[in-house]
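2 protein chains.
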Amino acid sequence: MKSINQTLPESALFATTFIKAWTLQVKRINELLERIDDNDLLKEIAPGRNSGVYLLGHLTAINDAMLPLLGFGKKRYPELESFFISTPDKSGFSYPSVEELKEYWNDVNEKLNQHFSQLPVEEWLTKHEAVSAEDFAKEPHRNKLNVLISRTTHLSYHLGQLILLGGKD
Amino acid sequence: MKSINQTLPESALFATTFIKAWTLQVKRINELLERIDDNDLLKEIAPGRNSGVYLLGHLTAINDAMLPLLGFGKKRYPELESFFISTPDKSGFSYPSVEELKEYWNDVNEKLNQHFSQLPVEEWLTKHEAVSAEDFAKEPHRNKLNVLISRTTHLSYHLGQLILLGGKD
Numbered sequence: 004m005k006s007i008n009q010t011l012p013e014s015a016l017f018a019t020t021f022i023k024a025w026t027l028q029v030k031r032i033n034e035l036l037e038r039i040d041d042n043d044l045l046k047e048i049a050p051g052r053n054s055g056v057y058l059l060g061h062l063t064a065i066n067d068a069m070l071p072l073l074g075f076g077k078k079r080y081p082e083l084e085s086f087f088i089s090t091p092d093k094s095g096f097s098y099p100s101v102e103e104l105k106e107y108w109n110d111v112n113e114k115l116n117q118h119f120s121q122l123p124v125e126e127w128l129t130k131h132e133a134v135s136a137e138d139f140a141k142e143p144h145r146n147k148l149n150v151l152i153s154r155t156t157h158l159s160y161h162l163g164q165l166i167l168l169g170g171k172d
Numbered sequence: 004m005k006s007i008n009q010t011l012p013e014s015a016l017f018a019t020t021f022i023k024a025w026t027l028q029v030k031r032i033n034e035l036l037e038r039i040d041d042n043d044l045l046k047e048i049a050p051g052r053n054s055g056v057y058l059l060g061h062l063t064a065i066n067d068a069m070l071p072l073l074g075f076g077k078k079r080y081p082e083l084e085s086f087f088i089s090t091p092d093k094s095g096f097s098y099p100s101v102e103e104l105k106e107y108w109n110d111v112n113e114k115l116n117q118h119f120s121q122l123p124v125e126e127w128l129t130k131h132e133a134v135s136a137e138d139f140a141k142e143p144h145r146n147k148l149n150v151l152i153s154r155t156t157h158l159s160y161h162l163g164q165l166i167l168l169g170g171k172d
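Those protein sequence lines, which keep their order, are chains L and D. For any residue, its number in my numbering is found by taking its place in the first sequence, counting from 1, and adding 3. For any residue, its number in my numbering is found by taking its place in the second sequence, counting from 1, and adding 3.
Pulled out of the complex, with its shape left as it was, chain L reads as follows:
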């Protein structure tokens, strides 16, 4: 029997490696969400800073926006943008409940995972939807992979903040 190393072409191994990196960040956030109370999410991560619920909404909205950006379809929760992307926390909106936001968060990530696992490897290097064909010819790194990597570091950035609500580090 061949080892995976021999059967997987090089590009597929690239793809596996960075999809795993994404999955790991989502998993760490999920573990944190299971560990802390919903009430902890209503607190600020540090005095005068974003609340946990804002960050959960923000991460959900940004991940949701990956669906159209990667050509996977429409946003599932377009209403989140005005609450959690266009405006800062404490802008006077009534946010969805933590329970609802968690449901959206899981739904969006499940949808993304389905698309990630089905995307042919070479497609990761094709342009994302926010760059023109002309610009892409000059800047080929503005590809779908780049979106995935930048959204992976985005998850990690805010995980580093959410952890302050109830975790070590």
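None of these hints come from the bench; they were simulated from the model. Each hint can be trusted.
Because identical chains share one entry, a pair is satisfied inside a single copy or across any pair of copies.
Quick list of in silico lysine-lysine cross-link-like pairs, DSSO-like style, CA-CA up to 30 Å:
hint : residue 1 : residue 2
1    : Lys-46    : Lys-78
2    : Lys-130   : Lys-30
3    : Lys-105   : Lys-93
4    : Lys-141   : Lys-30
5    : Lys-23    : Lys-77
6    : Lys-105   : Lys-46
None of the values given here were measured: they were computed from a predicted structure.
Dock chain D against the given chain L, drawing on the hints supplied.
Then chain D, alone, in the frame of chain L:
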């Protein structure tokens, strides 16, 4: 003239994309370090949490450890491990000054960048130094690329915390 898309093989484009992701995180941390005072780094990111100077030392020590892990050579500042990896903040050590730590931080990153830019693309998929050849045959994602991606998210995680010392978000 051919576009970069045609002249760069697919794997090289993968490599360019994730090295850029690394470089971006280092750049963002450097921008933050330029924006805030050295004295701000002595503060805690949130009440009772890690100080900025500990996080700067921690990031430097973890990046330094990438040199041997990726087969690039020895650590340049092995003494940092006991201060900033093996023990938590406020363990009673006298830390190097912020000025010294910034010097180490820049030096380590410069060294890494030199190696990254010279590493042949296919090498990114070879095993890192902390996995045996036997295990690697079964788990080919435990490669150098995986180290780079996980350290990129590590930078981002702590940048999300350092920003609390003096930045928006």
